[in-house]
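**Student:** The listed protein sequences correspond, in order, to chains A and B.
Everything in the first sequence is counted per this note's numbering, starting at 2 for the first residue and increasing by one.
Everything in the second sequence is counted per this note's numbering, starting at 644 for the first residue and increasing by one.
Don't read these hints as lab results, they were simulated from the structure.
Don't take each hint at face value.
Subject to a maximum C-alpha distance of 27 Å in a straight line, what follows is the list of computed DSSO-like cross-link-like pairs (lysine-lysine) [what the hints assert, rightly or not]:
1) B:Lys957 <-> B:Lys905
2) B:Lys903 <-> B:Lys855
3) B:Lys957 <-> A:Lys130
4) A:Lys162 <-> A:Lys195
5) B:Lys903 <-> A:Lys163
6) A:Lys130 <-> A:Lys195
7) A:Lys130 <-> A:Lys216
8) A:Lys162 <-> B:Lys903
9) B:Lys957 <-> B:Lys652
10) B:Lys675 <-> A:Lys162
11) A:Lys216 <-> A:Lys162
12) B:Lys675 <-> B:Lys652
Since this is a predicted model, take the numbers as computed values, not measurements.
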Amino acid sequence: MSFDYEQAYQWMYLIRHTEEEIVDRYHKFEQMRCPTHLSIGQEAAAVGAMMALSPEDHIYSTHRCHAHYLAKGGDLNAMIAELHGKATGCTGGWGGSMHLVDESAGMMGAMPVVGDYISLAIGSAMAFKLDGSGRVAVAFFGDAAVETGQFWEAVNYAALKKLPVMFVCENNQYATATHISERQPAGEIYQRVKPFMWSAHVEDNDIAAVFEAAKECRSANPGFLEIETYRYREHVGPNYDWDLGYRTEAEVVERIAQDPLPSVREKIEGSLATKIETDVQRQVAAAFDAADAAPWPEAVLR
Amino acid sequence: MTYRTEVTKALTNTLQNDPKALILGEGVADPKGIFGTTLEAATRFPDRVMETPLSENMLTGACLGLALEGWKPIYVHARCDLLMTAMENMVNTTGQWRQVHQDRPFTMVIRALVGRGWGQGPNHSQAFHAMFAHIPGLRVLYPVDPASVASSYEDAMSCGWPTLVLEPRRLYEVEELDYARFDNPDVHIITFGDVVLDASQAAQTLERSGIKAQVYPIEDVSAMNLPESNVPALVADTGHLFLGAAAEVMARLMEQGNTKVKRIGPPFTAMPTSTALERDWYPTQSNIIEAVSGLLDVSVRPLEPVEAGEAEFKGPF
Numbered sequence: 002m003s004f005d006y007e008q009a010y011q012w013m014y015l016i017r018h019t020e021e022e023i024v025d026r027y028h029k030f031e032q033m034r035c036p037t038h039l040s041i042g043q044e045a046a047a048v049g050a051m052m053a054l055s056p057e058d059h060i061y062s063t064h065r066c067h068a069h070y071l072a073k074g075g076d077l078n079a080m081i082a083e084l085h086g087k088a089t090g091c092t093g094g095w096g097g098s099m100h101l102v103d104e105s106a107g108m109m110g111a112m113p114v115v116g117d118y119i120s121l122a123i124g125s126a127m128a129f130k131l132d133g134s135g136r137v138a139v140a141f142f143g144d145a146a147v148e149t150g151q152f153w154e155a156v157n158y159a160a161l162k163k164l165p166v167m168f169v170c171e172n173n174q175y176a177t178a179t180h181i182s183e184r185q186p187a188g189e190i191y192q193r194v195k196p197f198m199w200s201a202h203v204e205d206n207d208i209a210a211v212f213e214a215a216k217e218c219r220s221a222n223p224g225f226l227e228i229e230t231y232r233y234r235e236h237v238g239p240n241y242d243w244d245l246g247y248r249t250e251a252e253v254v255e256r257i258a259q260d261p262l263p264s265v266r267e268k269i270e271g272s273l274a275t276k277i278e279t280d281v282q283r284q285v286a287a288a289f290d291a292a293d294a295a296p297w298p299e300a301v302l303r
Numbered sequence: 644m645t646y647r648t649e650v651t652k653a654l655t656n657t658l659q660n661d662p663k664a665l666i667l668g669e670g671v672a673d674p675k676g677i678f679g680t681t682l683e684a685a686t687r688f689p690d691r692v693m694e695t696p697l698s699e700n701m702l703t704g705a706c707l708g709l710a711l712e713g714w715k716p717i718y719v720h721a722r723c724d725l726l727m728t729a730m731e732n733m734v735n736t737t738g739q740w741r742q743v744h745q746d747r748p749f750t751m752v753i754r755a756l757v758g759r760g761w762g763q764g765p766n767h768s769q770a771f772h773a774m775f776a777h778i779p780g781l782r783v784l785y786p787v788d789p790a791s792v793a794s795s796y797e798d799a800m801s802c803g804w805p806t807l808v809l810e811p812r813r814l815y816e817v818e819e820l821d822y823a824r825f826d827n828p829d830v831h832i833i834t835f836g837d838v839v840l841d842a843s844q845a846a847q848t849l850e851r852s853g854i855k856a857q858v859y860p861i862e863d864v865s866a867m868n869l870p871e872s873n874v875p876a877l878v879a880d881t882g883h884l885f886l887g888a889a890a891e892v893m894a895r896l897m898e899q900g901n902t903k904v905k906r907i908g909p910p911f912t913a914m915p916t917s918t919a920l921e922r923d924w925y926p927t928q929s930n931i932i933e934a935v936s937g938l939l940d941v942s943v944r945p946l947e948p949v950e951a952g953e954a955e956f957k958g959p960f
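Construct the complete structure from the given sequences, taking the supplied hints into account.
**Tutor:** Printed below as a string of structure tokens:
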């Protein structure tokens, strides 16, 4: 079966364009008043993995959850309203960018304390094993989550109980501004997990490879997939951050030159790509307009 | 029936009445079954009583995941102290989930025993009801009357909020609480946890001196329903006084105009193991009588100090 580049581009462009609009508006209008962690550069990991899932599967995500939320089919209007702190947001203004949720789409929740989402996904996997529904629970997380106790507690338990859970580790090399070499011993993460379960690794500049690996991972019960990816912007906020000195401008520019979006776009017909882009731009503009016009949430009673 | 039997019955009934109810924990399906309380459920519903690895933090998060999928987990810990390993998922995810997610209800119970006696020591004795009740969205129940155990579990399993149920180990062999109910008491002795036993003994001694002391255990720490009458009140706790549950009781009583209030509890230290040190660490009957006498400005001589419950509990755990 050939890979559906059209669908991939649809999701990737939706995520990229939504976040580029957040970049443009974040400081200009000062209306999105919450810590916002952008996925720009990491779209192929989220989209490639998500395309291997069934719509009935349930996912959990991190502080950097925009890509997962949108790729799982989370409501765009509710997300943009949430970033604006409006009543129509997906948590009515209580959670903000780091707590996106859309249960109707199978996006069960996101949370910023590293490791928690892995534990919650284990619970969903236990439920799916109990109800025999064949669904799979997926935890998306970054390379730093591998440093938490919850990750290893989950790996141990998932392997012991043969749970229908996918661990998807998006390795972007940095925890905030600390390189992985300062946090973990040498060697690849997926190799450390191999004694417990099916475990593989793939690079996200080949989204078809991400998809194929994720399909295998989904049927592994449990499986671990490490996806090499890269975040272009600062850890939190809309800017580039090479001025901090923890990585060079050359490193970032080199990775942007390998951006997976243009190569996916090339695989589909130009007029189709343009139509996808025009439709997405219209949807995103409408979402920002709706968020602007939406009411504030009611005050919390003392 | 003893407190222990009431717990056993409540857990078994919960699984029998609700096919979505689960019991998980380290020791729930082992030969001793958490002081025998989970053995019947484990025998009758082996698929829904799950032995677990330690991994307390991960499994607390997993219980939230189960709950979001419609299951109703009861996660069991043999000691309250062990909950410190699960703090992250008790507070940042489970505790806040319903409020942050548009009032989304779910059923999740964490059950833990508060140890006391036979030298349980610094890490097997701590009563953390105040610390957990400080988290908005996390309910804390602390049943002390055997007759309250069943309703506490029914409440926890049906309220739609994550609920911590604390059980005082020292009360496990108690069949009923022995204190009188007065229409017009002279003083309230408001208690948390097993100090209700010492308060009950103190009340009997006080009554012989003509003082009607109403023992008033608080079993729903989060609701914290207090007596409406403003007779003098003593608050006795086995948890620490500093920033504790007793301080909250006193603040509320003072806000309703009651200025004759006092509290007693353990010293602000870790709980020592040695019998000699442990005996004096918890508030005793004598301490309570002395404090009440001070509040009412009377003199009552305590009877021989008896450590309630100690005679029955020979350890080891």
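**Student:** Take the hints in turn and mark each one as holding or not.
**Tutor:** Verification of the supplied hints:
1. Restraint check for Lys957 of chain B and Lys905 of chain B: the C-alpha separation of about 33 Å exceeds 27 Å, so the hint is violated.
2. Distance hint between Lys903 of chain B and Lys855 of chain B is fulfilled; the C-alpha atoms sit about 16 Å from each other, no more than 27 Å.
3. Pair hint Lys957 of chain B plus Lys130 of chain A does not hold up; C-alpha atoms about 42 Å apart against a cutoff of 27 Å.
4. As the CA atoms of Lys162 of chain A and Lys195 of chain A are separated by approximately 16 Å, the hinted pair is consistent with the 27 Å bound.
5. Restraint check for Lys903 of chain B and Lys163 of chain A: the C-alpha separation of about 60 Å exceeds 27 Å, so the hint is violated.
6. Restraint check for Lys130 of chain A and Lys195 of chain A: satisfied, since their Cα atoms lie roughly 22 Å apart, inside the 27 Å limit.
7. A C-alpha spacing of about 19 Å is found between Lys130 of chain A and Lys216 of chain A, which places the hinted pair at or below 27 Å, so the restraint holds.
8. For the hint pairing Lys162 of chain A with Lys903 of chain B, the CA-to-CA distance comes to about 57 Å; that exceeds 27 Å, so the pair is violated.
9. For the hint linking Lys957 of chain B to Lys652 of chain B, the alpha-carbon distance of about 24 Å falls within 27 Å, and the restraint holds.
10. A distance of roughly 23 Å separates the Cα atoms of Lys675 of chain B and Lys162 of chain A; the hinted pair therefore holds under the 27 Å criterion.
11. At roughly 21 Å between alpha-carbon atoms, Lys216 of chain A and Lys162 of chain A fall within 27 Å of each other, so this suggested pair holds.
12. For the hint pairing Lys675 of chain B with Lys652 of chain B, the CA-to-CA distance comes to about 16 Å; that is within 27 Å, so the pair holds.
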